Amino acid sequence: MSDVRVRHASVSSWIGTTIVVLATVALAAAPWWAERADLRLLAEIYAYVALASLWNLLAGYAGLVSVGQQAYVGLGAYVLFGLAMLAGVHPLAAIPIAGFAAALVAVPVAALIFRLRGHYFAIGTWVVAEVFRLLAAQTSALDGGSGTSLPAAVVLSIASSRQMREFTIYWIALAQVVVILFAIVWLLRSRYGLALTAIRDNELGARSNGIDVVRIKYAVYVAVAFGTAMLGALIFLQKIRISPDTAFSVNDWTAFVIFITVIGGIGRIEGPIIGTVIFFLLRQTLADLGAIYLLILGVVAIAVMLWAPKGLWGLVADRFGWQVFPLQRRLVLKKR
Amino acid sequence: MEWLNTILQGILLGGLYAMFAAGLSLIFGVMRLVNIAHGDLIVLAAYVALVTVQALGINPLLSLVIVVPVMALIGYVLQRALLNRTLGDDLLPPLLVTFGLSVIIQNGLLELFTADSVKLNAGAVEIESIAVGGGLAIGVLPLIQFALAVAVIAGLQWLFYRTAIGRAFRATSDDPSSAQLMGLNNSHVFGLAMALSLAIVAIVGVLLAVRSNFDPAIGPARLIFGFEAVIIGGLGSMWGTLAGGIILGVAQAIGAQLDPGWNLLAGHIAFLVVLALRPQGLFPKVQG
Chain A
5 MSDVRVRHAS
15 VSSWIGTTIV
25 VLATVALAAA
35 PWWAERADLR
45 LLAEIYAYVA
55 LASLWNLLAG
65 YAGLVSVGQQ
75 AYVGLGAYVL
85 FGLAMLAGVH
95 PLAAIPIAGF
105 AAALVAVPVA
115 ALIFRLRGHY
125 FAIGTWVVAE
135 VFRLLAAQTS
145 ALDGGSGTSL
155 PAAVVLSIAS
165 SRQMREFTIY
175 WIALAQVVVI
185 LFAIVWLLRS
195 RYGLALTAIR
205 DNELGARSNG
215 IDVVRIKYAV
225 YVAVAFGTAM
235 LGALIFLQKI
245 RISPDTAFSV
255 NDWTAFVIFI
265 TVIGGIGRIE
275 GPIIGTVIFF
285 LLRQTLADLG
295 AIYLLILGVV
305 AIAVMLWAPK
315 GLWGLVADRF
325 GWQVFPLQRR
335 LVLKKR
Chain B
2 MEWLNTILQG
12 ILLGGLYAMF
22 AAGLSLIFGV
32 MRLVNIAHGD
42 LIVLAAYVAL
52 VTVQALGINP
62 LLSLVIVVPV
72 MALIGYVLQR
82 ALLNRTLGDD
92 LLPPLLVTFG
102 LSVIIQNGLL
112 ELFTADSVKL
122 NAGAVEIESI
132 AVGGGLAIGV
142 LPLIQFALAV
152 AVIAGLQWLF
162 YRTAIGRAFR
172 ATSDDPSSAQ
182 LMGLNNSHVF
192 GLAMALSLAI
202 VAIVGVLLAV
212 RSNFDPAIGP
222 ARLIFGFEAV
232 IIGGLGSMWG
242 TLAGGIILGV
252 AQAIGAQLDP
262 GWNLLAGHIA
272 FLVVLALRPQ
282 GLFPKVQG
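Residue numbers (my numbering), protein chains in the order written: chain A, 5 to 340; chain B, 2 to 289.
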């Protein structure tokens, strides 16, 4: 039996991984070659790749279609603001704490909303996000519904010069997306990844093969909340200003994320990356259109869902068998 | 006395929530479709009423004669042209397509009517009230609203269990492939169910427009209220949904009485408590 082993890599994944590594190195050096505005744009792109990758893990693999992930973006952001402004915690140290706080909150939340089956789960996640938003609006210490800004002292504690602050936030944003993508690749290559892929393809089949589906879904939900909250914390640390409506915005943190994932390719790790690139290209060209822009995105997402349900990367992967990351499982005979 | 009045207003408001819920639970029952755009369709109906009233200069309540068939037609076409393609074992496509639809309707309305909030004026009936003794008074409009809710739910109950189309709804719900074998055209039946759902949405939209200010962004909250009423009441039970709506309405009214900021929170908390203690709902009929 031990004559075979599992091979994850392929020619395309060697090429893909090399490109990803080279691109990461080049992007890490961006402060030396990019303009200030470009750095902000890049950091925003990283945040969306990361948010979409986490949502993809949740909905695309674990089958937990949440339309309420803004709950954790906002929670993470509010924990950071609360810790930095009321408890004097260093804002960068508050980012991981925000993640742990969200994971802690996600445990009882999951216990509650996992009682809603299938479709109704989606709306249940939305209710949770609404409850968080309303509670944030009631928090008078952070100026409730009107929102608040980080005081100058907190901002200065990141780094004394403006340039260094921008670089620091940029590098953390890049580090977050790299770590999240790496963690997802690692997870999908592990036995849990095999279980998740099985759940994605056929939940009943996965269950009958002895996979503890509920436990895995639970773990994924909590882990995704952890990551999403850390992303939210950094996003609003960069914005410096927070209000319940922006922190818990369904458009910004769920609609865009869903459209990105669906257009790029749901249930594939490359999907959110491709989707984010398309999303930002569309945004740069159509941003002047305002509401029409969101409308067009909605139409494109519906069209993709109906005619190319695996998204654009799904078309490519099916046609050419490409994979950017070494994820596939192919049995090969061991050489003796 | 103040509290009695609060509870009374909450009950009457609950009728509206039960109607938000009725259309939602109807299509879930027939085709296991959760329509995330449900709330936005209610707002769309309100704007159709607005346009009708402005064009014809009629009383908003009279505009139902036009809004109901228009919305029903939209529902039938929407189901046949778009939503039927998403139905299947996978629950991702219907959720994502209706979510996309929600964003499209919201932003389309925003583009056409701006974000300014508007309201329909139903005339003298809006301020009329009936004294019921003990210093309590019931507004005529909330009463009409509640009576319509009871009528809609009784009508649905009758339609489901006493008519041929109701039999078709139940048959496709229980076993779509056998229903098809027995000569039912499932696509058509689903289209009719969505048409009926949006006919109810039309009634709700007009009532909402007369009752309070509305703007393109208020749809999702209506979806959530309807959904909470369905879950509190228990899946598959029409009268349970009415009870769920009333509980939600009373919880919100009591919350608002305690502190204006707790209005919506109190409703959500009532929902979460029911979910924690009795996840099958208070008056369940079928397991979803």
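No lab work stands behind these hints: they were computed from the structure.
Mixed in with the good hints there might be a few duds.
Computed footprint of chain B on chain A; a stretch qualifies when at least three of its residues, placed anywhere within it, have a C-beta under 8 Å from a C-beta of chain B [as the list claims (entries may be wrong)]: (1) 134 to 141; (2) 152 to 164.
Distance ranges between label pairs, derived from CB positions [said to hold, decoys possible]: (3) 155/B to 209/A: 36 to 46 Å; (4) 81/B to 325/A: 31 to 41 Å; (5) 209/A to 81/B: 30 to 40 Å; (6) 240/B to 207/A: 48 to 58 Å; (7) 82/B to 8/A: 46 to 56 Å; (8) 207/A to 82/B: 26 to 36 Å; (9) 156/A to 151/B: 44 to 54 Å; (10) 74/B to 29/A: 27 to 37 Å.
Source: prediction; values computed, not measured.
Note that beta-carbon positions come from the ideal geometry of N, C-alpha and C, so glycine has one too.
These are the hints, each one checked on the structure:
no., hint, result
1, 134 to 141, "holds (count 5)"
2, 152 to 164, "violated (count 0)"
3, 155/B to 209/A: 36 to 46 Å, "44 Å, holds"
4, 81/B to 325/A: 31 to 41 Å, "37 Å, holds"
5, 209/A to 81/B: 30 to 40 Å, "32 Å, holds"
6, 240/B to 207/A: 48 to 58 Å, "33 Å, violated"
7, 82/B to 8/A: 46 to 56 Å, "50 Å, holds"
8, 207/A to 82/B: 26 to 36 Å, "29 Å, holds"
9, 156/A to 151/B: 44 to 54 Å, "59 Å, violated"
10, 74/B to 29/A: 27 to 37 Å, "58 Å, violated"
This entry does not satisfy hints 2, 6, 9 and 10, going by the numbered hints stated previously.
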